[in-house]
Structure formats: C-alpha cells, structure tokens
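Q: Given these sequences and hints, build the entire structure.
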Amino acid sequence: MRHRSLYKLLIVLMFLGVQAAAMELVCPGLSLSTRVSPSLSQNEKTFVCPSPESAWASIPRAQIKRHLRAILQSRGHHKPIFEVRAEGLVVDPGPVSRVNEIEFRFSGDSVPMTLPQNWKGRPITPSLLNEIERSSAVDLQNRAYPCAGARATVFAQRPGNVVVQVDTGAFTKLKFSDIELAPSLKKNYSSALLSRYYAFLNNRPFDQQMLLLTAQRFEGTGLFESAYFIPQCENGNLARVSLRGTVGLPRLVRVGMGFDTEGIVKARASWRHVRLGANASTLEMMVLASRNRQELTSSMKWYLSTPAPRFYLMPVLSGVHQFEQHFESFSLGFSLSPAMTFELPTGQLELVLGPAFQKNFTVRGPDQGDISLLMLESRMVYLSHSLEFQASDPLEGTSWQLSVAATDRAILSDVSAWRMRFFFRRLWNIGGYEPARVVLGMRLSLNSTGHVGGKLPPDFRFYLGGSDNLRGFSRLELPSNGLGALSSFYVSTEARFAALLPWGLQPLLFADVGAAGDSPFEFHSPLYVSPGFGLRWSSPIGVFRATLGHGFSIGGSTSGRWGRPSHWQLFVGYGEEF
Amino acid sequence: MAEQNKKSPQFLLRGFLLTSVVVLLLFLSPVFFPNLLLSDTVMYWVQKILISEGVALELQWKQRSVRWRAWGELQFDVGFEKVCVRAKKSDVCFHEGKGTLVVGLFPVFKIEELGPLNIARAELSVRNEGENEKVKGPSSPTVVSLPTWLRPRRVDVQLKQANVEIFEDQRKWIEGSLSLMCSRAKAGAIRCEIPARVNVASNDFVYKRMNARLEFENKSDHWDFALKGEASGVATSHILSVDLKGTKKLGHETLFQGSVGGRWNRAPWQLRLQGALSDEGKQLDLTTRGFVSPLALEKKYRRHLKESIQLQKCSLSASFESNTSVKMQGCTLEVPLAAGLGGRPRFEWEGEVVLPAQRGRLAVTLPQQAGKLYAGSGFLSARFEKREKGMHLKVDPQSTLSIEVPRFQKVVALLDDSPFAVPAPFNALSGSVGVQLQAQPEGSTKLKLPLSLKTDLRSARQALKLDGKGMFAIDWGAELSGKLELDLVVLEGKFEAPPLSLTGVPSILPDSRIHPRQVPEATGPDRFAFSYVLRIRTADKARVYVANNLLPQPLPLGFDFNIQSEAPFTGTLTVHPVRVMLFRREARVRQLHFSWVPTGKKADVVELRGRIDVNYPDYSVNVGVTGTSDRPRISLGSSPPLTRQEIIALLLFGDESLGSEQQNSVSSFDAAVAQRSLGLAALYILARTPIQSISFDPRTQAVTANVRVGQNTTVNLTGGSQGNKRVGFSRRIGKNWAVTTEVPLGDSTGSGPSGISGFLEWFNRF
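Residue numbers (my numbering), protein chains in the order written: chain D, 107 to 684; chain Y, 50 to 815.
Honestly, the hints are just simulated from the structure, not real lab data.
Model, not experiment: these values are computed from the prediction.
All C-beta atoms, glycine included, are put in the ideal place defined by N, C-alpha and C.
Accuracy of the hints is not assured; some may be wrong.
Think about it this way: if two alpha-carbon atoms lie no more than 35 Å apart in a straight line, the pair counts; the simulated DSBU-like pairs of lysine-lysine are [stated by the list, open to error]:
1. Y/LYS376 <-> Y/LYS495
2. Y/LYS137 <-> Y/LYS331
3. Y/LYS159 <-> Y/LYS209
4. Y/LYS532 <-> D/LYS171
5. D/LYS171 <-> Y/LYS459
6. Y/LYS362 <-> Y/LYS495
7. D/LYS171 <-> Y/LYS543
8. D/LYS171 <-> Y/LYS503
9. Y/LYS362 <-> Y/LYS209
10. D/LYS171 <-> Y/LYS421
11. Y/LYS138 <-> Y/LYS277
12. D/LYS171 <-> Y/LYS514
13. D/LYS151 <-> Y/LYS543
Some chain Y residues flagged as far from chain D (calculated, every beta-carbon gap over 12 Å) [as the list claims (entries may be wrong)]:
14. GLN418
15. ARG510
16. HIS564
17. ARG633
If you want the ones that stay clear, here's a sample from chain D, every Cβ over 12 Å from chain Y, calculated [claimed, not checked]:
18. LEU131
19. CYS155
20. MET391
21. SER404
22. PRO451
23. GLY648
24. GLY662
A: See the structure below:
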C-alpha cells in the first residue's frame with residue numbers, strides 16, 4: 107500500500123512538473139498555460155507587462171487582453187481563454203489555426219482567381235491574411251481590375267477556412283491618357299516620348315505588372331533614376347495613374363565585369379548619353395573584352411519623331427577581334443538600320459532592317475584573308491513581358507529571335523551568300539508556385555548559311571559546344587574539323603529545383619541535343635548529346651552557375667570530320683542564365 | 050224585439066262580468082298556481098321573443114318550482130342541466146345549476162334574496178372575427194349603481210368554475226376560468242369576489258399567465274373595489290402585479306390608489322399610483338412615483354448604480370375627449386450613481402402626448418448639478434408628431450447640454466476593470482474633459498448639434514490639451530442616418546511610449562479579420578447609417594512630443610490627419626527637427642515628412658521625404674530619405690566626400706576602413722538599401738542597433754542582421770515584398786554598383802544568341 111501511495115505521489119508530482127514546464131511566465135501576474143512558438147519577445151512583453159516608473163506602470167486588464175489577443179494571433183492562436191486566478195491572469199493560447207481552404211466571394215465581377223498554391227497548412231496569422239489579400243488584389247490588378255481590393259476573414263464557425271471577400275472594382279482598359287506625369291517629370295519628358303517604353307497597349311485591359319515593367323524599362327534605359335506608378339481609384343474606378351520618380355543626370359559611365367571558364371574574365375566599359383535632343387535619343391560607346399572576343403562598338407538610337415516614338419534609326423560602328431579554338435579574325439562594321447519596336451499583348455517585338463557593311467580579315471581558320479560584304483540585314487526579336495520582368499531571376503516566359511542577312515557579289519561584296527539564324531527560349535514555372543519550386547526551360551536554335559563560291563567570314567559558319575548550347579562539350583568545339591558548319595541545330599532542356607536547398611542554392615539537371623551539317627538545312631550524323639547536372643547560386647552580387655555535363659556522339663564515329671570523343675565538361679560562370 | 054233589446058244590456062253585462070272573471074282568474078292564476086310562471090308555454094314565448102332579437106335560449110330543466118313563501122314574496126327554486134344563451138359573437142352556457150330566488154312584489158318589485166345559487170360549471174366563448182365597430186373616440190367607462198330593487202337582503206351566489214374562451218379570427222387567443230362568489234356583507238352591502246385565471250395563447254403578449262382577484266362591495270352610497278392580480282411570462286423573469294383599491298361614489302369621481310409593479314427581466318420595479326377618474330370617465334388625474342431596480346440593466350452597467358433609479362413625484366393628467374391627451378408635469382427621474390461616480394443626476398421632464406394622433410411635446414431638463422464624476426446641465430425640448438412619412442420632430446433651438454468631467458482619474462478608476470478601460474498611457478493623465486452640445490433644428494426631419502470638446506489632461510510626463518469643434522447631424526427622414534464632423538486641434542501633447550528594444554515592432558491590436566467567436570458571415574445594411582469626418586491636427590506651432598527610451602529627447606511631431614468613414618485615410622505626419630541616436634551617434638533629424646496618398650485601394654501609399662545628419666569627428670554624413678515607407682530610397686552624402694561604401698561603413702561600424710567580414714556586411718546593407726528591400730521601421734532598427742554583421746538574400750529580399758542585444762541575437766529584418774518583385778535588367782546592389790542582365794542580340798561566333806548573361810557593373814551619372 108505504501109508503495110502504491112508513493113507511486114501516486116510520484117505521478118502527481120510528475121504531472122505537476124510537466125504542467126510547470128509547459129507554463130510560460132510572461133511576467134509576474136501574467137502567464138501562459140502552454141508555451142507558444144516563438145516565445146513572446148521583449149517588445150511584446152512591454153505591452154502586456156507594466157513598466158514601473160513610466161506612464162505604462164498600470165496597464166488595464168482589458169488592454170492586456172487586447173494586446174495578448176493580437177500577439178497570439180500573430181502565432182496563429184485565435185481563441186485564447188483568459189482566466190483570472192490567485193496568481194494573476196492565466197492565458198490558455200488554444201490551438202493553432204491552419205489554412206485548410208480559401209473561399210472567394212465577389213462583390214463585383216466574379217473572376218476565377220489564380221493564387222499561388224502555397225497556402226494550405228500554414229498558420230493563419232494577420233501577416234498571412236495580408237499576404238492572401240495582397241496576392242488576391244495583385245492577381246486582379248494584373249488582370250484589368252486596378253482598383254481591386256480583398257479582405258481575408260476567418261470565422262470561428264469555420265476554422266481553417268479563409269473567406270476572401272473580393273471587391274474587384276471596375277473592369278478597366280488603360281489609356282495612355284490616363285497616365286499623369288508628376289510635375290517634376292514633365293520638365294524633362296513628354297507623355298508621348300515616354301510611351302515608347304510602355305509595356306502595355308493603349309486602351310487595353312489594365313495590368314499592374316506591365317506598369318512595373320514599364321518603370322523597370324525607364325530605370326534600365328537610364329531615363330529615370332527611379333520610377334514608379336501609383337494607380338489612383340475613386341469609387342472603384344480608375345481615376346488616373348500617376349507616374350512619379352526622379353530623373354538622373356543624362357550621362358552614364360559603366361565599367362563591369364563577369365567571368366566564366368570559357369572567356370575567363372569578361373570586362374566591359376561603356377559611356378552612354380540617355381537624353382540627346384528633344385526626343386531623348388541615346389548614344390553609347392562600349393568596349394568589351396574577354397579572352398575570346400574584344401569589341402569596340404559605338405551605337406545610337408536616334409529617335410526622329412515624337413509622334414512615332416517607337417521608330418528610330420540605329421547607326422552602329424564596330425570593330426571586333428575574335429580568338430576562338432578554330433579561328434581568329436578581325437572585322438570592322440558599319441550599319442544604319444531603321445528599327446521599330448512593337449508592343450504586343452504578351453511581349454515586345456523589335457524589327458530591324460537595314461544595310462550593313464563589314465570588312466573582315468581572317469588570320470587563322472577557314473577562308474583566311476580579306477573579305478568585304480555589303481549586306482542587307484533584318485532581325486526580328488521577341489521578348490515576352492514575363493521573361494523581361496524576371497530577367498535577373500527568370501522563371502517563365504518566352505523569347506525568340508530570327509535574323510536573316512544576305513549579300514551579293516554584284517554589290518560591293520566578295521561573296522554571294524545568305525544566313526538565317528533562329529533561336530527560341532521558353533521557361534515554365536511548374537505548378538505556378540510562388541516562390542517557384544521547379545523551373546523547366548527549353549532552348550532551341552536553328553542556323554543555316556548558303557553561298558555561291560567565294561570565301562565566308564567566320565560569322566557565316568556555325569560552331570556548337572559551350573555553356574550556351576551543348577554543355578557537355580567545350581566552347582565551339584564542334585564540328586571537330588574546325589571548319590565550322592553551314593547548318594546547325596540544338597535543343598537544350600533544363601530543370602531547376604528552386605526551392606530544394608537553402609541559401610539560394612538551386613540544383614539543376616539538363617540534357618542538350620544538337621547536330622551540324624555542311625549544306626543549307628542538312629545535318630550529318632552523329633547526334634551530339636550532353637546530359638548533366640549543375641548548381642545555381644543567386645548571390646547578393648549576381649548569379650553564379652556551375653554545370654558538369656558529359657558529351658556523347660551518337661550514330662556516328664567519334665572521330666573524323668564530325669565525330670568527337672566523349673568527355674566531361676565543367677562550366678562555371680557568373681551572371682549567366684539558361 | 051223590444052224584449053230582446055231589453056235583454057241585451059244584461060247580456061252584455063253578464064258577458065263582461067264573465068270575461069272579467071275569466072281574465073281575473075287567468076291573471077290571478079299564477080297567484081294560485083305560481084308554477085305557471087316557468088311553464089313550458091311561458092318559456093316558449095320567451096324563447097320566441099329572444100330569437101327575434103338574435104339570441105337563442107336553450108333550456109334543459111332538472112326541476113322548477115315557484116311558490117309563495119310569504120305574503121307578497123315569490124320563491125323560485127330551479128335546477129337545470131344546462132342553460133345556454135347563444136348570440137352572434139358569444140355563447141354562454143351554465144351547467145349543473147341549482148338555485149333559489151326570492152322576489153318581493155309589494156310595495157314594489159324587489160329581489161329579496163338571491164341564492165343560494167350554485168352553478169357547477171359555465172362556459173363563455175367570445176368570437177372576434179374582425180368585425181369590430183370602429184370606436185368613435187374613447188368609450189366612457191360605464192359605472193353602474195345598483196337600483197334599489199336589486200339589493201337583496203340575502204345574496205349567496207356561487208359559480209364554481211366558469212371556463213372562458215376568447216377567439217380571434219377562429220384562433221384561440223385567451224382561455225381561462227373564473228369563479229364568482231357573492232354574499233351579503235354587514236350593513237346591507239353586497240360583496241362579490243371574482244378570482245380568475247387566464248392563459249394567453251397569443252405570442253404578442255409578454256405575459257402568458259394571469260391570476261387576478263376582483264373584489265367589490267356595494268355600500269349605501271358608494272362602491273368599494275379592490276383588484277389584486279399577477280401576470281407572468283413563460284419564465285418568471287417578467288412578472289406584473291397590480292394592487293389597486295378604490296371607491297366610487299354615485300355622481301362623483303372614482304378615486305383609487307395602489308401600485309403597479311413586478312419584475313422586468315428579473316429586475317423589480319414599482320409605480321405607486323394615486324388617481325381620480327371623473328364621473329363621466331372623461332378625465333383621469335394620476336399622481337405616480339416609483340423605482341426601477343438596476344437589476345434590469347446589463348451586468349456591466351448595473352454596478353455603476355448604487356440603488357434603484359427613482360421616479361419622483363410625477364403628475365399625469367389624461368383627458369378622454371375625441372382625442373386622448375396625456376399631460377405630464379413635474380416628473381423627475383433620479384439616477385443614484387455608485388460611490389465611485391458619486392452624485393444623483395436628476396432629469397426633470399414635462400410634456401403632453403395626444404393619442405392616437407401620437408403628437409405632443411416633451412421637455413427634459415438636467416438641472417445644474419455636480420457629482421463626484423461630472424458637473425453639468427442641460428435642456429432638451431421638442432415637439433413631435435407622427436406623420437405618414439414618419440415621426441416629425443421639431444427640437445427647440447434653446448436645447449443644450451453641457452457636461453464636464455473635472456477629474457479624469459475618476460473616469461479612469463471607474464472604467465479600469467471594465468472592457469472600456471482607458472488604455473495606457475492615457476490612463477496616467479489627470480485633469481478635466483468638457484463637452485458642450487447645442488441643438489440647431491433644420492427642417493422637420495433634420496437636427497444639427499454643434500458640439501465642442503475641450504480637454505486639459507496632464508501627468509508628470511504627459512499632457513493632452515485638445516480643443517475640438519464639430520457638428521453631429523441626425524436625419525430621421527426616409528432613413529435614419531447620422532454624421533459626425535469633428536475638427537480636433539491638439540494644443541499641447543506629450544506622451545510616453547512604452548520602453549522598447551530594437552527587436553522589431555509587435556502587433557498589439559487584434560486583427561479584426563479574425564473572429565474568435567461565431568458571428569454572421571454576411572451582415573445586412575445597417576439600420577442606422579453613421580458616417581464621420583474627423584480631422585485631427587496639431588495647432589500651427591504646437592508639437593506633440595513622444596518620449597521613448599530609444600530617443601534621447603522626445604520626438605516632436607506635427608500632424609494633420611483626415612479620417613473619414615467613406616474615404617481612405619489621408620494626412621501628413623512631420624517629425625520636426627530633433628536630435629536622435631542613430632548609428633550609435635547623435636544625429637539630427639532635419640525633417641521627416643510622411644504623406645498618406647490615397648490610391649482608392651486597401652493599401653495606401655505613404656510617401657516619404659526627409660533628411661538626417663549624422664556627425665562624426667572628421668565627417669558629416671547626411672542621409673536622404675525619399676520614396677515610400679515600404680520601399681524607401683536612401684541617398685547618402687558626406688562632407689568631406691566619401692564613397693558610398695565608406696559612408697555605410699562609417700554609419701554601421703563607425704570606421705570607413707574595414708575588414709573583409711564587415712565589408713561584406715556593408716555590401717549587403719548597400720544592396721538591401723539600394724533594392725529598397727527594407728522598410729522604414731527595419732531601417733530604423735538597423736540604424737539603432739550595434740551591428741555585428743548583415744547578410745542579404747536578393748531572391749527573398751530578406752536581410753538578416755546579427756546584432757549585439759545582450760547575447761548575440763540574430764534578427765531577421767525582412768522588409769521585402771514577397772509577391773511580384775520589381776527587379777530589372779539592371780539591379781542595383783549599391784549606389785554605383787549593379788548587376789546588369791542582358792538578352793544578347795546575337796554574336797559573331799555564329800553560334801546564335803547565347804543565354805541571358807550578366808555583368809557586375811560600376812556606374813556613375815554625370
């Protein structure tokens with residue numbers, strides 16, 4: 107019997123001990139019956155514990171309860187129970203409420219919502235509700251509802267169910283005339299001039315993201331030091347969009363560098379004037395130097411007319427020295443191309459068409475000697491808004507480029523030839539998560555040259571291999587005969603796992619496939635394949651990437667004109683993206 | 050013929066005499082055969098006559114006999130199974146009755162004895178089928194004085210149980226039972242008692258069960274009556290009791306006194322009444338006084354009352370002419386407040402109500418009085434009249450109310466343990482608060498109340514002196530609505546913020562979006578639409594000083610806020626020049642200006658403009674702040690000129706030449722600031738914290754700082770937005786440094802456009 111009593115006593119003492127361990131004394135007279143995570147911070151305690159000799163020496167119990175409710179809400183505890191005992195106020199925080207479902211209710215148009223799928227199971231806190239409200243509003247603001255607002259509410263009768271009351275406001279088409287420049291900006295720019303950088307079309311559904319992209323363009327071109335749009339609503343309707351910001355000095359000097367295992371170090375220096383004349387034309391001089399390529403370029407975007415703000419003349423004068431594995435050449439070029447950009451609903455298209463004169467001297471490699479070309483060059487470049495918006499951390503979007511050049515021996519040229527180059531890139535954010543979990547990418551390129559007799563300069567021949575295309579081969583290693591190919595293609599795919607590792611480290615898997623040929627649009631075996639893996643690190647000073655790939659030749663000899671022995675290839679680079 | 054003619058008079062005389070004898074015999078037959086009075090033939094004719102009047106009489110006799118009891122006195126002894134009288138709107142049936150009635154015939158007809166009359170059971174059913182005649186004015190109370198023939202020497206009537214049913218549109222409304230006992234009292238009076246019990250089926254009545262006892266006694270020249278009754282609801286929380294005694298003298302008014310009271314919501318109340326009803330019933334004068342126990346109030350208010358609310362003497366005068374008019378005079382309501390509040394505020398009122406027109410006037414006066422908590426006076430007078438579009442109210446422009454709370458601490462103490470406690474740090478203030486209201490009628494359905502508010506509150510380190518003017522407008526036209534416009538000017542303000550450390554600003558007010566208790570998910574439109582326009586501002590040269598342990602001297606603020614119920618918050622807040630501790634140095638805020646810019650959406654933009662100077666022995670650093678509060682833009686300058694990195698190094702570590710770890714921290718800080726990833730609060734905490742190191746993740750835009758707060762504490766100062774990040778081709782990581790990302794437009798290697806590439810760049814504008 108004595109043992110039994112002893113056991114009972116021990117059990118009671120253990121129970122009391124567990125209870126005492128679970129209790130959290132906030133301050134004398136206030137304790138939590140179970141610990142909360144994280145514990146109350148010193149500042150939080152300041153609002154619930156009296157501070158002697160100050161105006162906060164006495165805090166009414168109702169105020170303590172109010173503050174504690176808020177503090178516990180920030181940890182997901184919604185139903186605290188307050189009990190006044192002899193030792194003071196004892197608070198049972200209650201369970202943590204977690205998101206089970208999000209239900210949308212609309213007071214305006216009913217619009218299918220496309221929120222990122224990362225809510226379920228998270229503790230329901232005010233900051234989470236803010237996040238849901240912001241995401242809901244942003245989602246609608248990006249889809250023609252600039253005055254959309256959302257209020258997320260949690261009702262006790264349905265714990266875990268977040269009810270989002272969405273006030274969509276009016277469906278709005280944004281007109282250029284809705285943009286209102288701040289007075290300080292009007293001194294420097296006109297609305298028509300700035301419209302050349304608008305990432306949206308006139309009288310098209312409003313998209314907040316396109317306003318951000320426009321501000322990004324303003325800053326990127328140097329017109330503004332900082333720029334931001336503020337949509338202003340009245341009674342649920344868009345009244346105007348204010349453009350504010352600061353205008354920097356017009357001249358800009360930049361000295362930059364990057365590196366990779368191909369070019370070792372890339373250095374670049376430029377001087378740019380971003381506000382030449384009344385139409386804010388730009389003039390830039392740039393020097394680029396790496397182990398493989400040195401270039402001096404002077405270019406201008408000469409905007410001729412305010413009524414046609416997207417049309418410009420682009421004179422370019424350049425001198426280039428290339429030092430690659432299979433060739434070395436010098437070239438001097440001049441072009442004068444009318445160009446125009448078009449804003450499409452999903453992206454921007456740039457068209458360039460004009461004459462270009464090139465004087466080339468090949469020191470080493472095929473077709474050595476002096477070559478002069480007078481070409482007609484055309485180029486079409488498309489860049490989707492989403493890819494442009496996320497340029498430094500690309501997650502999704504499309505870009506493609508088609509360029510064609512033609513020259514004829516009858517007009518100041520040493521050869522009659524044509525060249526077509528096509529490049530396509532597409533990225534997918536799988537699942538639409540934010541932040542992204544898996545980013546899938548694909549690159550595709552098709553190039554071809556045709557000529558009649560004569561010599562060809564190196565940039566009419568195509569080489570494969572390197573971090574840009576087949577990552578299992580070294581830079582421009584293929585074809586192995588060093589003569590280059592007159593046709594080439596490659597397809598690269600990559601899966602980047604953006605949220606797998608901490609500290610911004612993102613592992614990636616890739617597989618590249620390519621082929622080359624010596625006639626227009628004809629490809630020889632073997633097929634070059636390079637699977638591999640890598641790591642991307644988004645550091646405070648930019649993106650570092652490292653890949654390790656293995657190059658294979660499939661369907662042909664590993665030696666000879668086209669073949670190449672299999673081998674591993676490592677690339678490390680700074681600033682490069684897929 | 051002549052003989053015949055001679056015989057004719059005799060024949061006629063004989064005939065007349067014979068007829069007379071027959072008639073006399075017939076007339077006198079009841080005298081000899083009194084049972085004839087209740088014969089079937091008589092009853093047949095009685096029924097016939099009643100049917101012609103719309104009344105059916107049904108009789109089932111058990112026994113009936115009529116006899117001469119004495120000279121000139123007839124005694125009726127009857128016994129019946131059932132006697133029913135059925136009319137159009139009511140039926141009454143008596144069952145199992147037996148009784149005796151003695152009437153005297155000489156010298157005049159008189160009922161000498163009534164009873165013993167015992168009726169075992171009765172049923173009364175009244176049907177009201179919506180055919181009520183319209184009442185033309187109030188009906189005069191019928192006061193019947195018993196005629197002399199109806200004053201029997203002996204009365205002994207006993208109706209054991211009469212069941213009563215009243216129907217309203219074929220639905221039983223009331224059912225109940227009563228009994229009747231009448232007997233002859235001393236001095237020739239007749240005394241009757243009618244105990245009754247009633248159940249109400251209708252839900253329109255709070256009271257469901259009623260028990261009453263009516264006693265009346267007819268004396269020689271007057272009637273005395275007493276009514277005692279009690280009614281209760283389904284539960285016993287609502288009880289009504291009536292105890293009235295009165296007397297009615299023939300040809301004179303009816304005098305009565307007594308009490309009406311009971312419990313309402315468990316709280317006792319009582320009104321003592323004394324009144325007189327005129328003989329014609331057209332005038333009622335009533336004097337009443339009474340009390341209402343504070344138990345009737347909700348618990349949280351009840352404790353503020355010391356005892357019951359007293360209705361002092363109040364005179365009511367009602368006139369029942371074509372319209373009923375009720376006048377009130379000299380009525381006083383006294384509210385005895387609890388000891389902490391002190392005082393017994395009295396409200397005096399008088400007025401007149403005319404029914405059924407529902408018009409009249411009411412005047413309420415709060416005489417100048419002072420309690421421990423308050424001092425004040427007021428007067429409200431209004432005329433009212435119900436019209437088709439609602440109540441028409443005309444308030445006397447002389448109406449005014451002035452209340453002053455001379456000791457704010459009394460209010461603090463009073464409310465301290467309540468949900469409405471004055472919060473810290475305002476609960477440390479002492480002084481006075483005054484409110485004045487005046488009436489300004491506008492049209493028949495609008496009333497404007499110009500109001501003024503003054504406070505003069507102080508404590509050792511705090512002060513709040515306010516002067517407010519405004520208007521409260523109420524409109525009871527088509528919809529009831531109210532609007533408050535108030536312009537509050539802070540003449541003097543000093544407050545003490547709680548002692549804080551630099552580890553983040555907590556949320557201290559519960560989020561209204563999280564409902565801890567069950568509430569309706571969708572609410573209908575408010576019946577009372579209330580809107581407000583508040584402007585709170587500091588006087589022209591006044592400052593509101595906020596002291597805090599983080600500030601070497603109180604922060605002088607000036608503000609002008611506009612808070613409206615139907616518009617977003619707008620306003621400005623200015624931090625006037627002040628010395629603060631920043632970057633472990635004494636810094637001077639030259640100006641910091643916040644502007645709330647309405648965007649029409651939930652999240653408004655707070656624009657910033659400011660400049661702060663930080664002085665070092667060899668340098669003077671100026672910090673410019675622009676942009677918005679969640680994405681502030683920081684510009685740094687110095688004299689003599691230093692590079693941005695050197696300035697940051699100087700600010701964070703107090704030295705412009707640093708080791709590699711500190712250089713990394715400087716770069717991270719610069720990157721975070723350049724990307725505007727830190728909100729203003731996070732920036733301030735960084736500026737006030739002894740920093741060991743800072744790291745910045747540009748992807749999440751999170752800044753993590755190791756600070757020396759006691760032991761090493763890692764503080765996450767994430768200020769970046771999580772949604773769409775605003776990153777671009779040229780992402781700045783410092784004032785003159787950027788990571789530039791490009792999509793090249795082709796190269797001369799012939800390999801086609803390469804992947805997106807980037808450069809780490811130094812840049813400068815000039």
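Q: With reference to the structure, classify each hint as holding or not holding.
A: Hint by hint, here is what the structure shows:
1. For the suggested pair Y/LYS376 and Y/LYS495, the alpha carbons sit about 26 Å apart, so the restraint of at most 35 Å is met.
2. Annotation: proposed proximity of Y/LYS137 to Y/LYS331 holds, straight-line Cα distance about 30 Å (limit 35 Å).
3. Restraint check for Y/LYS159 and Y/LYS209: satisfied, since their Cα atoms lie roughly 26 Å apart, inside the 35 Å limit.
4. Restraint check: the Cα-Cα separation between Y/LYS532 and D/LYS171 comes to about 32 Å, which is no more than 35 Å; the hinted pair holds.
5. For the proposed pair D/LYS171 and Y/LYS459, the alpha carbon gap of about 22 Å is at most 35 Å, so the pair holds.
6. Annotation: proposed proximity of Y/LYS362 to Y/LYS495 holds, straight-line Cα distance about 34 Å (limit 35 Å).
7. Proximity of D/LYS171 to Y/LYS543 is assessed by CA-CA distance (about 26 Å); at most 35 Å being required, the pair is judged to hold.
8. Our distance criterion of 35 Å between C-alpha atoms is met by D/LYS171 and Y/LYS503, whose separation comes to about 30 Å.
9. Proximity of Y/LYS362 to Y/LYS209 is assessed by CA-CA distance (about 43 Å); at most 35 Å being required, the pair is judged violated.
10. A distance of roughly 29 Å separates the Cα atoms of D/LYS171 and Y/LYS421; the hinted pair therefore holds under the 35 Å criterion.
11. With a CA separation close to 29 Å, the supplied pair Y/LYS138 and Y/LYS277 stays within the 35 Å bound.
12. With a C-alpha separation of about 29 Å, the suggested pairing of D/LYS171 with Y/LYS514 holds against the 35 Å cut-off.
13. Between the alpha carbons of D/LYS151 and Y/LYS543 the distance comes to roughly 23 Å, so the proposed pair stays at or under 35 Å and holds.
14. No beta-carbon of chain D comes within 12 Å of the beta-carbon of Y/GLN418; the shortest separation is about 29 Å.
15. Against chain D, the non-interface label of Y/ARG510 is violated: not every CB pair exceeds 12 Å, the least being about 6 Å.
16. At roughly 5 Å, the least C-beta separation between Y/HIS564 and chain D is not larger than 12 Å, which violates its mark as non-interface.
17. The Cβ of Y/ARG633 lies farther than 12 Å from every Cβ of chain D, with a closest approach of about 20 Å, so its non-interface assignment holds.
18. Distance check for D/LEU131 against chain Y: the nearest CB is about 19 Å away, which clears 12 Å, and the non-interface claim stands.
19. Its closest Cβ contact with chain Y, about 10 Å, brings D/CYS155 to no more than 12 Å, contrary to its assignment away from the interface.
20. For D/MET391, the non-interface assignment is confirmed: its Cβ lies about 14 Å from the closest Cβ of chain Y, beyond the 12 Å cut-off.
21. Its beta-carbon lying about 16 Å from the closest one in chain Y, D/SER404 satisfies the requirement of being farther than 12 Å from that chain.
22. At the 12 Å boundary, the C-beta of D/PRO451 stays outside the reach of chain Y, the nearest C-beta of that chain being 18 Å off.
23. Distance to chain Y contradicts D/GLY648 as a non-interface residue, since its nearest Cβ pair spans about 4 Å, not more than 12 Å.
24. Even its closest Cβ contact with chain Y, about 21 Å, leaves D/GLY662 beyond 12 Å, as expected for a residue assigned away from the interface.
Going through the hint list in order, the structure does not satisfy hints 9, 15, 16, 19 and 23.
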